[in-house]
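Peer 1: The residues making up each chain are set out below.
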Amino acid sequence: MSEQTDTVRLVALAAREIRDHEVCFVGIGVPSLAAMAAKRTHAPNAVLIYESGAIDADPPKPPLSTGSPAVVANTAMIGSCLSVFALLQQGRIDRGLLSAAQVDREGNLNSTALHRSGRPDLRLVGSGGAHDIALLAREVLIIMPQDKRRFVERVDYVTSPGTRAPRLSGRQGPTALITSHARFSFDRGELTLDAVADGVSSAEARACLTWRPPEAAPLRTLAPIDRELAAVAETLIHAWGRDIG
Amino acid sequence: MSEQTDTVRLVALAAREIRDHEVCFVGIGVPSLAAMAAKRTHAPNAVLIYESGAIDADPPKPPLSTGSPAVVANTAMIGSCLSVFALLQQGRIDRGLLSAAQVDREGNLNSTALHRSGRPDLRLVGSGGAHDIALLAREVLIIMPQDKRRFVERVDYVTSPGTRAPRLSGRQGPTALITSHARFSFDRGELTLDAVADGVSSAEARACLTWRPPEAAPLRTLAPIDRELAAVAETLIHAWGRDIG
Amino acid sequence: MSKIHSLREAIAENVGDGDTVFIGGFGQCIPFAAAHEIVRQRRRRLVLCRSGADIVFDLLVAAGCVEKIIAGYVGNPGLGLAHAFRRAVEAGTVAVEDWTNFAMVLRFHAAVLGVPFLPADILSAGDIPAAVNVRKVVCPYTGRDLSAIPMLAPDVAIIHAQRADAAGNVQLFGLPGDTLEGALASRRIIATVEEIVAPAAIRAAPDRTVLPAFRIAAVSKVRFGAYPSYVDRHYGRDDEAYAEWDSLSRDAAALERWIAAEVIGRADYADYIAAIDKKRLDALVAEAAAVRQ
Amino acid sequence: MSKIHSLREAIAENVGDGDTVFIGGFGQCIPFAAAHEIVRQRRRRLVLCRSGADIVFDLLVAAGCVEKIIAGYVGNPGLGLAHAFRRAVEAGTVAVEDWTNFAMVLRFHAAVLGVPFLPADILSAGDIPAAVNVRKVVCPYTGRDLSAIPMLAPDVAIIHAQRADAAGNVQLFGLPGDTLEGALASRRIIATVEEIVAPAAIRAAPDRTVLPAFRIAAVSKVRFGAYPSYVDRHYGRDDEAYAEWDSLSRDAAALERWIAAEVIGRADYADYIAAIDKKRLDALVAEAAAVRQ
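Chains as they are written, first to last, in the numbering used here: chain A, 1 to 245; chain D, 1001 to 1245; chain F, 2001 to 2293; chain H, 3001 to 3293.
There's no promise every hint is true.
To be verified - No more than 27 Å apart at the CA atoms, straight line, and that leaves these computed lysine-lysine pairs for BS3-like:
no. : chain 1 : residue 1 : chain 2 : residue 2
1   : A       : LYS61     : H       : LYS3279
2   : D       : LYS1061   : F       : LYS2278
3   : F       : LYS2221   : F       : LYS2278
4   : F       : LYS2136   : F       : LYS2068
5   : F       : LYS2136   : H       : LYS3136
6   : A       : LYS61     : H       : LYS3278
7   : F       : LYS2068   : D       : LYS1061
8   : H       : LYS3221   : H       : LYS3136
9   : H       : LYS3279   : H       : LYS3221
10  : F       : LYS2136   : F       : LYS2221
11  : H       : LYS3221   : H       : LYS3278
No lab work stands behind these hints, which were simulated from the structure alone. In this text, all values refer to a predicted model and were calculated from it rather than measured experimentally.
Extracted from the complex, chain A is given alone in its bound form (with noise of 0.2 Å):
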């Protein structure tokens, strides 16, 4: 296993899912630094999406908030959190990004609240626009950090619909799921590990998980990071200068 940290290629791998002249609606934290370190990297004409109205959006640096200066800085043009949402309503986003406090085996997302024994529910933040992505853009791509407390086999909350929710056609729901050691698909409607970080083992990607999911047969080796690409992941990174997650 190379000499990169867990953020580094968990911003990585994610970025990487990302092909060139894909609109994306992209959320604050990894899903950003992802789509941004994309962007400077193998997909210059990503198109990125912020739900705050920013429409081709290029941030000179990590945005706090996805209304923030950084946002609207060098983007193409600014539109209103309803034109956004229309587009993601009319089918026109490629691909949305998202992070959650839980997820589970059917891709369902958790930000609204976490049940604790003999206490209320622990409050979030709620879905922002993370239900309404996880619906309505055509692919939807979840990024977690490789953390056992948010991988679980039901979430306590469904803010964000997984795979078995109905949807319209041409919406196909979760689609991968990348952590900074593998990348799952949903294949079958569950998270399935698809392929292991350079240098992991199934074990290891497994780890975060507390039951045996699918693998794919044969199990995929993603390719190496490329020093650009985990480069620019660190500076993005180093910029953000918060916690991931």
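Using the hints provided, position chains D, F and H relative to the given structure of chain A.
Peer 2: Relative to the frame of chain A, chains D, F and H by itself:
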């Protein structure tokens, strides 16, 4: 009867229906001339809205089209068609000003087609925003030249519904019809001679109708049109430079 | 990644016979150059749609390009009827679906929002609802009856604006009317613009961008591309040309000769514009400059 | 006809106990000055609503002004939870209706369009639909099942923008987010602005006006009225102040003391701003100037 021409009286009498501070949805032609005359005299704070999206317009000269440079030149805001029709449906338009090829006893307006015996209908321009204004403005003011062909017992085609149409609460439909000779009300849902212009007999006022309408008792006489308003109306009509109606 | 094409290419590649075509512009920015090109390429059986349509529809009807019109208004604003349209409807050679301007805007807006209908409190009385077969919907919260205005997603939108960059980011100043609703409702968008500017000029004023590059199929630079309508900051409206159309279009034969000579007989719109009295155009340019000193 | 009032008057006359209040701003133009004034006037039982809410909601919750929140997101963007909000929800002292950001935008948009609901393809799965009792509607043309998103018309909207004239025409530059939908959905609108300009300045750039005077109840000039959020052309975002809130708001008692001293203890927002290190504000002003050279 004064020296004022029919067109001056038509524009001036219609202008007098508009109160200061009212929000008016204004069509092109006589409606626009009347609204401009009101704004230049007794109703300087009237808010003129054109369906092109101009809000709080104050045209320097009579516009030929609802989206003409004159509509935009001195306006306070440029919205979109959607934004002004939204204001209309929201109930924020106090008065809609309409004219049409035909009007009938119930205030139905026709701007779509005229029946001709033995030949196809004469095709007109269609509703534009007239149907929408007729249903959604809080009150509708109809402005018609004193022309027998334009007053019929039943219009050939109901483009813009009159008094009998169901409406949202607070939307009254047509409440007055102004000609160069008289003011009609729709107090009982039917065109009713409410007042005659100064120097006009009730028979003259009714001469544009093929039927005998109810009359208010006692029949009022409208105050003479003052010089200032007549002069403003005349200036606008001259600048318009085309047929009225 | 340039989206810049000649208008000839843009129309040839994006407007097919039988297409449903939204034509932008409301008062200003009516894409006359693109309409002339459609006539020149002899497109047939087009379905034209928008809210309030002016003489650009009349031209396309007169040139035989149109099978059907879906609109709220078709006329020569302030002057009266669209004569070629009137003749064609009366002769039965062009079909017409009579909506209202608000209804048309909502039909496009539904498509923009990606939903099959929007509820509204219009088309509930009069002769229009039956003519267009509008259906009802009941609000599940209030029980209120509303009209369900069905979405309309044209195959292609043709619009004009002040400027764009080569990538296709379009900036429109002044009245948009229903242009953006119609454009964003459409599968493909063709934009003609007065000028092509550098990407940096766009990104320095992103709150002026009205259509993002990824939605644009082609951009063509056509100076005076909206004449005789107007373009804020560029030229005023040639009201006299609209009056001339009113006279000319009353005579079907004369109109046909005019189209043969002035539209089909021209190489492109620049050729048509070059034949217009320069003083007349200069006056319109001066007029626009006077509005925004 | 002036709509200009002190912010104290504007809040006193337009925000009542128990009102449903939309608070504008998405990243930029978050009306912190108006929120401080609401705290200072000790408004109670407010229902706050918008799509994504930041720490301005947390402040109002911490100050005891809030009974309920209707929103898609409440947090400290990029930093994590809104701690006072979290404590209040967990303690049951503030109720919360959990929608999504798109759903909230559509709720306001329905009110703007004057209809009781809008159809949408969200809230069809997961735990949110049952939590907010969303109902279904069937498209009468396609038979397609959609969610009916109910309209929400707040009693009053509070927004911040760059400028207005005395009549109340408001011009906003840069990101509007959901501000205009929320404002136009509301019965009354209060605007704080960085500057009051002459009517001629508004009418020279009418395509920059976003709210017309006749919809505005009161305009108040408050320099730095959106600090610590940002205002395009005026000042940048004070990210550090958001981080300070993250620390401060973790401790309920410390937060209460801070509110007593820095909000209730201040005469007005100018007094609060005057206490901030001038170099810090100057740097934010310089940052904004650098974005649009």
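Peer 1: When the structure is checked against the list of hints, which entries are broken? Sort them ascending.
Peer 2: When the structure is compared with the hints, numbers 7, 8, 10 turn out to be violated.
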